[in-house]
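> Going down the list, the protein sequences come from chains W, V and D.
For the record, in the first sequence the residue sitting at position 205 is 205 according to my numbering, with numbers rising by one throughout.
In short: position in the second sequence from 1, add 549, done, that's my numbering.
In short: position in the third sequence from 1, add 846, done, that's my numbering.
To be clear, the hints were calculated from the coordinates, so they are not data collected in a lab.
Any given hint could turn out to be false.
For the chain D half of the interface with chain V, some residues (derived, Cβ under 8 Å), not all of them [claimed, not checked]:
| hint | residue |
| --- | --- |
| 1 | L865 |
| 2 | V866 |
| 3 | L868 |
| 4 | F996 |
| 5 | L1000 |
| 6 | V1099 |
| 7 | L1104 |
| 8 | I1122 |
| 9 | L1135 |
Idealized CB from N, CA, C, for every residue including glycine.
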Amino acid sequence: MFNEPRRINRRQALAVGGALTLGSLIAACGGSSDGEATGTAPAAAPPAGSGKPIDALTVSVPQLGDLLHTTRSVGPILGITLLGLEPLLLYRPDGRLGPNLAESWRQPSLTRYVFRLRRGVRFWDGSPLTPADVVASFQVHAGRSTVSASASYWTKVKRIAADGDEIVVDLSAPEPEFIYTIARTGVFSADFARRRGDRLGSPSALNMGTGPYRFTGFTPMSRVQMERNDRYWGRAPPIGRIDARVLNQDNLLLGVQSGDVDAAFALPVSQLKSFASLPEFSLTNVADAAVYKFNMVVDRAPWDDPHLRRAFAHAVDRETIAAGVLNGAAPATTLEPPETFAGALPRAEVERAYAELATLLPAYDLDKAKQELAQSRYPDGVETTVLVMASDPNLSAITQTAAQGAGEIGIEIKVREVDENTYNNAVYLRHTTDGLSIDNFGAGGPDLLNIPDLTLNSSNIPPTGFTDVANYASDEVDRLLAAASRLKVDDPRRARLALDVLRTAAEDLPYVPIAFPQVYLGLRDGLAYSGFNAFWWLNRWPDQLVAQG
Amino acid sequence: MSVPDARLALPVRGRSAARGRGRRRRRGRLPLSVALSAIFLLAAIACAVAPGLLAPQDPALIDPASALQTASDAHLLGTDALGRDVLSRLVAGARSALVGPLILTTATVLLSTFLALVAGYLGGWFDAVVSRVADTIYALPALIVTIVIVGVFGGGWWLAIGVLVLFNMPTGLRILRAAVIERRDLPYVEAARTIGVGRWSIMTRHLLPNLEPLIVTCFFLGFTYGMVELSALSFLGLGVPPGSPDWGRMLAENRVQVSQNAWAAVAPGIAIVATVLSANILGGWLYEQLERRKRER
Amino acid sequence: MTGKAIATFLARRLAAAVLVLLVVSVVVFLLIHLAPGGPEQAVGGEFATPQQLANIRASLGLDDPLAAQYWQFLSHAVTLDFGSSIATREPVVDAIRSGLGVTAPLVLVSFLLICLIGTALGTLAAYRAGGPLDRATVGLALVGASAPAFVTALILLTIFGVQLQWLPVFGDGDGFVERARHLVLPIATLTIAGTTAMLQITRTRVKEVLGEDHVTFARARGLSSRYVIERSVLRNAGIQIVTRSGTIVVGLVSWGLLVETTFGLDGVGSLLVKAINARDIPVIQGVTLLIAAFIVTVNVVVDLLYFALDPRVRMQREVRA
């Protein structure tokens, strides 16, 4: 409603919070004691050698939490939280997991993980890091009385215990993605938490971690200030002070123009031309693990009519929207970008599959749209309202553009701007929209079944879940997803099953994918960043930043 | 906030000349500023009434491929972020820029006049209560209360209008009430009372016509307040749906891309200022004319 | 002027002020609870299950009868305890305090400048009534008053912040010097918005007073212009100027909010806007009451000054007393 700091990745945050309720995701992680799992991020060069150390860095981030704590850190918020409260494993830019606070780990069975804690690590106040701290840091997310926003990733955790130098986690059922959950969970001092109680994570109390950057200031949802931890156990932190801010879109552009902002993660796409035209600022982009899509609720009128759905799909000019409104994003033919499958399948196979998916999605053709509409129960068209939020101006821009085409065949779309709570309630939590809605859905993790499962699994419909916005339920798709969950995470059959899922769903058309947004990183001249990827917020990104010249 | 009292808008010269040195100004001479204001307002009204005729292109035609172009032959003021012609949207925006304040001000003036008449003429406890309430409302910050109410109740243009009517009422009430009190004991009103004319009759047929000049002034004054308030609200994203060509909203939506096409944001801003200014000048001049006519009587 | 007269006056005004605040508190309290959606949504957020929402309602006492909740609210508010923000768990008082660190200098400095520049220019223009300075001032004032604060803000921001890059354009800055730098443009915006009003009223009143008998008389006696200004003119014009400045301060609160939003300042205004979006009841209540208290105080001060400055009012009171 009021123009607030952009929270474009709030949708990602929601996706992360969505319940992963697959029947059983069985996987056997690699057998080596180094326990590396392959991710799906594009391979990138390892961090460049040291340039000049950076004294102070002002960086714009898309989102910050209302509490400086792991229970309120999901999605891009982790990009800051994990710098102070570090995880046991680090997700690296090349897509692999590496040791961090855990010097090694192993998986003796499908439901048991054992992490060996590094010795000699100290919190910022000098107190030693112990397995008890790790247990407490995990326990806060698991359990029935948890208030953590990440709670849904810990639902299968049965037991967390310390055993000497090791931490043992037992699951009630196998879940190969769990290892990524470890990579997104920060460790804090249990003692400090106990003493601060309710005020933990507030601006007055902040938090206590072991990470390379110590928190020195916090304004909820707005700003986090950090200083180098000079006694960090690992690689020397290259930056002296970090000032991370959430800037509303206007102030971000102005801040960059005036030189106050050094780096900006996830620049708003709507202003790309403005940023691109700045002389001393350069942009890098990669495909984001997200998709803009229209959702059509398939179990009630009028969108339960497949002809109406196809008619609408024919009326959306995806190419123009992707090129014009989203500034050169790739038009989407399905729910996740082809880059998701890089490394899991041979490139040619992925291209073939995506070519086929492209034929399944109705192309922009107003004549065909009219024909489909004529065959539906609503030959004279329908009237509907689509909700949008001010915090993501693309939603409104895309809907208005689509409305223009749809209006020509009789589907009248009114755009209504509401506040975030109302939007989330209607679109996600309760599925109470008119039937047609738009959102930007982001993957919660690097796994290629993340988006398909969240959006197509029938168990993700209220009340057991909420990310299947279209209320899509298909026995065939559920069966395919269940089969995929019984395979190893890097088994190519699993990737093929994912493609089958996308194909089947495409025929039913519960969603009209529009475009895969790119995620942009902006840097002022004199800075370079290696290995930018869609999950930059899981990386230790300061180590990838280099001052040149 | 503080829009100046309309009559203060006038150059001093005319007034002191009229007072001190005899009437030098000829009656028919129209100051340039007033003429320009009138012309501008008429143009704005024309745009509001017939945007289809006056807009060079379709203001709603989205064309992302030509987004944010600078002024050219095809688009005199360039295009906005979705490729729509700025000039056309400016013309189309006149309607919401004028209609909102019009509705608001009409309601406000009706309310203030009614209350002023009843409270001023009848006096007593009603007057005391109304005056007290009006004073309290007058002291409150309109914008903040409006956004709290509208924000908490989930938005709604009519709600905003309703709240703003309440907030703008005291200004008119004060002026009109004072005028009613001034006039209620005048000989001709006394006379009417003596011969038994009813209260309501007195109020509507004797007092009201005399107040007409003041009411007109109040209307213009209120109109300027209304324009400023409503454009602030739509600037904050309240009231009008996205995509509608409203000047306040256009300003908010396009201000970031100022470096690419400044006109997309600056033009609506100038339009707002020009309209308010014109209303101010015209209102002040009208008041001056009506005052003069009164004095000559 | 008897002490008793002042005391009575003050007592009566304070009583009225307290009454107003009470009414405001009731209104604010009721308003939020009648709104659709409910406060528990903000706490639980997008991740809450219906069970969690119910727990939140219980733990925050949202299921108690309204009257009991209001009593709780009131008894705590008197001790400045507005509870903790639902969204950030921070005590509301602390959030307001840090917001005031930005808003207070913004409003106070702007007001000071408005008074100084407005009265100076207004007086000058009135003295040279009819001259080019007067006409220019009036004209500019009119344009200035016709431009809403957010338009002015944008223009200043674009020219000085972006094109010329003389001043920073976002945030509040740390440390005194930095904060001062960051507040220059916002203060300039508010000053422009408010000076026009101050200018208007000063000029009008001074002009009127200048035409009044006692000034002519003073001048005729050969008293210096300066004496005339200080003793007679400003004192007499002062009353209405003071009243108007009360209105201006209230206006600054509203416009300050828009300016804070435009410049990205973390002041009380932005705090309120964020709280409204998040349905953060304790913060909305705290900030609204603070604003109400501020306005009431301003009104009391204005009344007191009025009382002190206007001999006619004082004499009436004395006669009555």
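> Decide, hint by hint, whether the structure agrees.
Okay, the hints, checked on the actual structure:
Evaluation of the L865 of chain D hint against chain V yields a violated restraint, the C-beta minimum of about 10 Å exceeding 8 Å. Proximity of V866 of chain D to chain V holds as hinted, the smallest CB-CB distance being about 7 Å (cut-off 8 Å). Hint status for L868 of chain D relative to chain V: violated, with the closest Cβ pair at about 13 Å, above 8 Å. Here the hint on F996 of chain D is kept, as its CB sits about 5 Å from the closest CB of chain V, short of 8 Å.
Taking 8 Å as the C-beta cut-off, the interface hint given for L1000 of chain D holds, the closest approach to chain V being about 6 Å. For V1099 of chain D, the interface hint holds, the least distance from its beta-carbon to any beta-carbon of chain V being 5 Å, beneath 8 Å. A distance limit of 8 Å between C-beta atoms decides the matter here; for L1104 of chain D the minimum to chain V is near 6 Å, and the interface restraint holds. Given the 8 Å rule on beta carbons, the hint for I1122 of chain D holds: about 4 Å separates it from the nearest Cβ of chain V.
Restraint check, L1135 of chain D versus chain V: the minimum CB separation of about 12 Å is more than 8 Å; hint violated.
Violated hints, listed in ascending order, are 1, 3, 9; each of the other numbered hints is respected by the structure.
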